[in-house]
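Enquirer: Spelled out, the chains give:
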Amino acid sequence: MTRLISALPLVLALACNAGSDKGTDKGTDKDDTDTTDTEDTSDFDGKTAATGADLTCFTPAADTTEWAPVGTVTVTSATVTLDGTIQDFEEEEPVSSRTVQLWFSDVAQGPSDTTGNGDANGKITIDDVPACAPLSWLAKEIAGLEEAKDTYKAHQVFGTGTAGTLKAEFNSVSNNTYRLIPTIVGISIDDTKSVIAGTVYGCGREADALPSDETGRVEGARVRVFSCPSADPAPEDCTTPVTNVEIKYFIENFPDRNQPYTSDDGLFGVFNVPPGTFRVEAYDSLDGTERILGGTIVTSYADSINIANIWAGYPDGVKYPASCFE
Amino acid sequence: MRTLCTALLLAGGLPALAQDAPEEAPPQGEAVEATAEGDAAEGDEAEEAPAPDDLADIKAKIDALQDTIASQQAQIDAQAAKLDEQERELDKQRDGLTKVRLSRAGEKKLKFDVTGYYRARGHVFGAGGVTDSGRVAGALFDDQPTTGEFLNQRLRLGFKVSYKDVANLNVHIQALDNVVWGDNASKARTALFAGNPSLTGTDGLEVPSFELFRVWTEFKIPIGQFRVGRMPSQWGMGLLVNDGDGFKNDFGEAYFSSQFDRILFATNPVAIAQAITKKEEKHTPPVFFVFAYDLLVNDPLIQYYGYRCSPGVDQSNARYDARCDLDGDGITDRDHSWTEDRDAERRESSWWADTRDDVQEAVFALFYRGQQIKYLKGVGDLFAGFYVIHRWQPETESAVTILDGTLDASVHGAFLQFEGVGILGNTRAITLPNSLTADPLQKTAGIASYALRAGYGRQWWQIVLESGMASGDNAVNDELFTGRAMNPDYNVGLLLYEEVIKEVTQRLWVGDASSLRSQGGVYNSHYLFPRVKFFPMNNTELILGGVVAFPDKPDGAVIKCGQADVDAGSVCTPIADPSPLLGWELALALKHRFQEHILVSFETAYANATNRLPLNEVGLNPDGHFFTFQARAAWEF
Chain A
1 MTRLISALPL VLALACNAGS DKGTDKGTDK DDTDTTDTED TSDFDGKTAA TGADLTCFTP
61 AADTTEWAPV GTVTVTSATV TLDGTIQDFE EEEPVSSRTV QLWFSDVAQG PSDTTGNGDA
121 NGKITIDDVP ACAPLSWLAK EIAGLEEAKD TYKAHQVFGT GTAGTLKAEF NSVSNNTYRL
181 IPTIVGISID DTKSVIAGTV YGCGREADAL PSDETGRVEG ARVRVFSCPS ADPAPEDCTT
241 PVTNVEIKYF IENFPDRNQP YTSDDGLFGV FNVPPGTFRV EAYDSLDGTE RILGGTIVTS
301 YADSINIANI WAGYPDGVKY PASCFE
Chain B
1 MRTLCTALLL AGGLPALAQD APEEAPPQGE AVEATAEGDA AEGDEAEEAP APDDLADIKA
61 KIDALQDTIA SQQAQIDAQA AKLDEQEREL DKQRDGLTKV RLSRAGEKKL KFDVTGYYRA
121 RGHVFGAGGV TDSGRVAGAL FDDQPTTGEF LNQRLRLGFK VSYKDVANLN VHIQALDNVV
181 WGDNASKART ALFAGNPSLT GTDGLEVPSF ELFRVWTEFK IPIGQFRVGR MPSQWGMGLL
241 VNDGDGFKND FGEAYFSSQF DRILFATNPV AIAQAITKKE EKHTPPVFFV FAYDLLVNDP
301 LIQYYGYRCS PGVDQSNARY DARCDLDGDG ITDRDHSWTE DRDAERRESS WWADTRDDVQ
361 EAVFALFYRG QQIKYLKGVG DLFAGFYVIH RWQPETESAV TILDGTLDAS VHGAFLQFEG
421 VGILGNTRAI TLPNSLTADP LQKTAGIASY ALRAGYGRQW WQIVLESGMA SGDNAVNDEL
481 FTGRAMNPDY NVGLLLYEEV IKEVTQRLWV GDASSLRSQG GVYNSHYLFP RVKFFPMNNT
541 ELILGGVVAF PDKPDGAVIK CGQADVDAGS VCTPIADPSP LLGWELALAL KHRFQEHILV
601 SFETAYANAT NRLPLNEVGL NPDGHFFTFQ ARAAWEF
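Just so you know, the protein sequences line up as chains A and B, in that order. Number 323 in the numbering used here belongs to position 323 of the first sequence; there are no gaps in the numbering. Number 376 in the numbering used here belongs to position 376 of the second sequence; there are no gaps in the numbering.
Be aware that a few hints might be false.
[Stated by the list, open to error] Distance ranges between label pairs, derived from CB positions:
#1 F210/B with S96/A: 29 to 35 angstroms
#2 A353/B with T125/A: 57 to 63 angstroms
#3 G204/A with T146/B: 58 to 64 angstroms
#4 A399/B with F104/A: 55 to 61 angstroms
#5 L366/B with T243/A: 35 to 41 angstroms
#6 D127/A with D327/B: 54 to 60 angstroms
#7 L416/B with P275/A: 54 to 60 angstroms
#8 A353/B with G204/A: 56 to 62 angstroms
#9 E206/B with D127/A: 30 to 36 angstroms
[What the hints assert, rightly or not] Just so you have them, the derived chain B footprint on chain A, three or more residues with Cβ under 8 angstroms:
#10 158–169
#11 254–262
[Stated by the list, open to error] EDC-like, lysine to aspartate or glutamate: derived pairs with alpha carbons at most 20 angstroms apart:
#12 K374/B with D408/B
#13 K193/A with E236/A
#14 K193/A with D294/B
#15 K123/A with D106/A
#16 K167/A with E246/A
#17 K193/A with D142/B
Worth flagging that the hints you see were computed from the coordinates, not collected in a lab. For clarity, every value in this text was computed on a predicted model and none was experimentally measured. Even for Gly, the Cβ is constructed at its ideal location relative to N, Cα and C.
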């Protein structure tokens, strides 16, 4: 008899967004459409509207979508000091020997704009980080440890915080987790490719809620991947379906090879994604018709994990905290 | 008594010491008779009347005789005194002899015996010669620029104290257990100055230099034998439990071992029946029944819950669980997964008191063991038996039954060996949740494995054919749990299972799922393992073997799927042109024993792994060609 296996809280929760103060959406219109829908949708198994999901911030459509109003960001030049913690994605415990690099352009390429080193308790402080602007970060282990994979997160928007300081969390995915999740769902991971993982959120989710906050996760969504023609594309430019990747969903934060759409944890994983820029879209069957819920633009880096949350009503994965509108 | 002894001694009966006195009666009787005859002769001579002169002469003679008698009497008295002294001396010697006998008897009742072995084994992976990819030909790893080499070792000693052959105390220790040669822990800050080897195991972690890993006592009672303690377990061919002792494998080493904390009772039920019925038979069949109780876990360090809790879930949410609501305010406040790691320091003093989390098992075995018996018109050995284990853990609602049947028959130079294992039952202990059942932890075990080996040989050669299987699992987190590797100490070949597939599973089943690794055992596959053995001398063995392995239930990750697997129900993405094989291997071994105790073995193998194994993805040599050379030197006694 195989020895008992302890729980694997493999939260590909890749709600791995750093948190800031709470807020609500406001804004002006920003329309976009995405008509990409080339896959057979017959295996939705009659799943109807995203269970319990709040989709009131926009009007899902069959072939076009009236996206949620983004609003006017009124905070344009503020900076914050991030009072952060680097934690293991699976164990949700602080980890040492990690650095965090930030790219203020929201493109994790070239030299980073700022870097912080975590201490022995995973604590990290990074000064002068732009607030209310999407940026990308990379949690990386100190060279030679071979404990963790490079963990990228794009479209992170920090709020203004309190007195210029903001609590933040940076998840680092261990090598073990990176290997184990695809193994459980029956996928051989190719180290020349990457994993994209994230959570589908509904409208009611605060943009800067902490990953442990389970509110607003969308059940019943399916994910598709489209390749983009450039590194900085408009969402509607990404129209070529990517078929040679494997998409899996989770049950109770645990990967499951049989789950055909997001469960109530909202989690998805896309495995063996080649390097490049892609748009990941979430769909749901509403009133018997498949509708797009939202999308996000992701740059895939080989042998890494790339976190990409999808916000219902938003075409590019960028959602601002409420404090950015105050 | 003393007078009697004196008489006996006078009669020349010195060998007759006290213990033997009754048997020396005849010499005494002879002496008495001889004296009577002498008296009678003297009486005949006295019947003639003598003359007066003659009377004087007679008187003088009588006086002389009296003097003689007196003199002799004095001598006799002196001799008697001397004999008394000798007898006292003999008593002293007798006492000393008794003490010596008692002390020697004590030595025989308490015997001391030592068994064990030390072995050192060298491993070389790669055939040399760097390929265009910068990797040495036949390398094990993708990024291996040179032949990989290491040596490791193990010392095992078994001490046995026996009392009168009715009670034994066994103590087994092991030291330097698979410790790799050299200082691999930078005990010398500058490696070049290293001089004191470390205790680094083959997994790169430090190991204890010394381990007392088995201690048990065994004693006989009128109806059988008891064993109590931490003891080795070996059954059949070793597919299920394998003590890992000695050198039982044709290729490779046993790197592990099975032992249990166990109370065991063994008896011969036929002998008991004969005793009860008082029916005496000339021969009692060697049929044995064994019952054992094992306590496998008293308290798991990993706390099991069997349900998950997330804080902040209110009663309106379907995910609300009252068990997670400590204060009963309708909102959950506990936060844990199915299980929760904890440190030993967090245990309360009553940690051992709760038996609901104990893992226990009852073992029943019934077997026949005939040695040099007559059957099939020949004389040979025959072992056949069944082994049943029932394992349970109330906390996880686990109730699992393991069935194991085995046969080992040899006669007319041929042999047949078999072991089949089935594991059935239900459990909620394996926290790999699935989406297809209402209870995500509910799993039904359906595991099978077997090995069948047949052979025939003569003085100089032997042919062995073997096939076997270890069932796999094409979805480890669904409700059916069907995969389990064979015991890693049961070696099939030297390279394909022992190294290549072991590395694949080691690199994919990581972290908390590491218990799903093969560790070198047959994994999720069927195999053929024919061998030819030559014995050019009675202490030399040459073995040529081959292994061909076929996938059982590909899961898409450890063993890649073909379209046929998908059609058969596996949920995985098929690869193009999947090979029907996992791989194959050719192995050669030369073994020699000299001075009775010294074993030397040289072994080499070439293996070819197919596209069913994710070699590239896990960092193994992607061309699938592997080579090893290994050598062992051992002392066994």
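Enquirer: Does each hint hold? Answer for all of them.
Expert: Cross-check of the supplied hints:
no., hint, result
1, F210/B with S96/A: 29 to 35 angstroms, "holds (33 angstroms)"
2, A353/B with T125/A: 57 to 63 angstroms, "violated (46 angstroms)"
3, G204/A with T146/B: 58 to 64 angstroms, "holds (59 angstroms)"
4, A399/B with F104/A: 55 to 61 angstroms, "holds (59 angstroms)"
5, L366/B with T243/A: 35 to 41 angstroms, "violated (58 angstroms)"
6, D127/A with D327/B: 54 to 60 angstroms, "violated (40 angstroms)"
7, L416/B with P275/A: 54 to 60 angstroms, "holds (57 angstroms)"
8, A353/B with G204/A: 56 to 62 angstroms, "violated (47 angstroms)"
9, E206/B with D127/A: 30 to 36 angstroms, "violated (41 angstroms)"
10, 158–169, "violated (count 0)"
11, 254–262, "holds (count 6)"
12, K374/B with D408/B, "holds (15 angstroms)"
13, K193/A with E236/A, "violated (24 angstroms)"
14, K193/A with D294/B, "violated (48 angstroms)"
15, K123/A with D106/A, "violated (23 angstroms)"
16, K167/A with E246/A, "violated (35 angstroms)"
17, K193/A with D142/B, "holds (17 angstroms)"
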